[in-house]
Amino acid sequence: MDEGCRPPVISTGRETRIKIPTVRIRKLLAIAVFCLFAVCAAPAAKRRQQEIAHERPPFSEDDGLSIIAAALNLGGSRTATLDCSHLVHAIYERAGFVYPYARSSDLYSGIEAFQRVNAPQPGDLIVWHGHVGIVVNPAKHAFFSSLRSGLGVDDYQAPAWQKRGRARFYRYLAIRPAQNASTASSYFLRAGQKH
Numbered sequence: 228m229d230e231g232c233r234p235p236v237i238s239t240g241r242e243t244r245i246k247i248p249t250v251r252i253r254k255l256l257a258i259a260v261f262c263l264f265a266v267c268a269a270p271a272a273k274r275r276q277q278e279i280a281h282e283r284p285p286f287s288e289d290d291g292l293s294i295i296a297a298a299l300n301l302g303g304s305r306t307a308t309l310d311c312s313h314l315v316h317a318i319y320e321r322a323g324f325v326y327p328y329a330r331s332s333d334l335y336s337g338i339e340a341f342q343r344v345n346a347p348q349p350g351d352l353i354v355w356h357g358h359v360g361i362v363v364n365p366a367k368h369a370f371f372s373s374l375r376s377g378l379g380v381d382d383y384q385a386p387a388w389q390k391r392g393r394a395r396f397y398r399y400l401a402i403r404p405a406q407n408a409s410t411a412s413s414y415f416l417r418a419g420q421k422h
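Quick note on our numbering: the sequence shown kicks off at 228 and runs consecutively.
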């Protein structure tokens, strides 16, 4: 062993001790504590959401069209009186994409059933603080929601929506139940049938 690599040795007669520089130990201990704190301080919900994102792939554009079809075929006086988050929940449920009900503020923060995305596709959620809708056509910035004038489609780039702040987009992650149709075309066929 190279003489420069050996720790200094203190001999007191009967026992021999190795002298370890305390400054180096303190630095290593401080770094270890900092790393431990950094890992523990990360929000558990974010870690869980990332784990789920790796476990389940987001739905496809075809699945997104199933959501749009469910929105367009939604009818009745019951849905006209729903607030935005209940409306979106009912539409997703009708299309076979079930998730636990969440308020728009919870959706904005992120929930396990959805993954935040930068490039929306039809069927994704568009969420502001206090409002949520479903993206219909991202190229035209169109979304479906409960509006002041009733259920309808609006431009999410309109000044009224821009005043709410930056919108976030979320894509559904959970796997579609096996008993439901897996394509938009089969949903359109089912939607035309009376139950």
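Worth flagging that the hints you see were computed from the coordinates, not collected in a lab.
A few of these clues could be false.
Derived CB-CB ranges, DEER-like [unchecked claim]:
no., residue 1, residue 2, range
1, 378, 330, 15 to 25 Å
2, 357, 380, 11 to 21 Å
3, 325, 386, 18 to 28 Å
4, 384, 343, 18 to 28 Å
5, 382, 345, 17 to 27 Å
6, 308, 345, 28 to 38 Å
7, 320, 287, 29 to 39 Å
Dumping the calculated SDA-like pairs for lysine to any residue here, alpha-carbon to alpha-carbon at most 25 Å [as the list claims (entries may be wrong)]:
no., residue 1, residue 2
8, 367, 345
9, 390, 292
10, 390, 330
11, 390, 380
12, 390, 326
13, 367, 346
14, 390, 323
15, 367, 356
16, 367, 342
17, 390, 332
18, 390, 288
19, 390, 287
20, 367, 339
21, 390, 310
22, 390, 348
23, 390, 309
24, 367, 377
25, 390, 377
26, 390, 327
27, 390, 376
28, 367, 327
29, 390, 378
Note that the Cβ used here is the ideal one computed from N, Cα and C, for glycine as well.
query: If you draw a straight line from the CA of residue 367 to the CA of residue 342, is it 25 Å or shorter?
result: Holds, at roughly 22 Å.
message: Against the 25 Å threshold, does the CA-CA distance of residue 390 and residue 330 hold or violate the hint?
response: 20 Å, holds
message: Checking one constraint from the list: CA of residue 390 to CA of residue 287, max 25 Å. Satisfied?
response: Judged against 25 Å, a Cα distance of about 31 Å means the pair is violated.
- prompt: Taking only the CA atoms, is the gap from residue 367 to residue 327 under or equal to 25 Å?
  reply: 30 Å, violated
message: Check whether the Cα positions of residue 390 and residue 376 lie no farther apart than 25 Å.
response: The given pair, whose Cα atoms are some 18 Å apart, holds under the 25 Å limit.
task: Starting from residue 367, check that the Cα of residue 345 is at most 25 Å away, please.
output: Within the cut-off at roughly 16 Å; holds.
25 Å Cα cutoff - pair residue 390, residue 378: 21 Å, holds
- prompt: Okay, residue 320 versus residue 287 on CB: inside 29 to 39 Å?
  reply: The hint (29 to 39 Å, Cβ to Cβ) is violated, given that residue 320 and residue 287 are roughly 19 Å apart.
- prompt: Given the hint that residue 390 pairs with residue 380, does the C-alpha gap stay at or below 25 Å?
  reply: Given pair residue 390, residue 380 holds - Cα atoms ~18 Å apart, limit 25 Å.
Satisfaction of hint between residue 377 and residue 367, Cα-Cα up to 25 Å: Within the cut-off at roughly 21 Å; holds.
Residue 384 versus residue 343 beta-carbon gap, inside 18 to 28 Å or not: 19 Å, holds
message: Taking 17 to 27 Å as the stated bounds, is the beta-carbon spacing between residue 382 and residue 345 within them?
response: At 19 Å between Cβs, range holds.
Hint violations for this structure: numbers 3, 7, 9, 12, 14, 18, 19, 20, 26, 28, all remaining hints satisfied.
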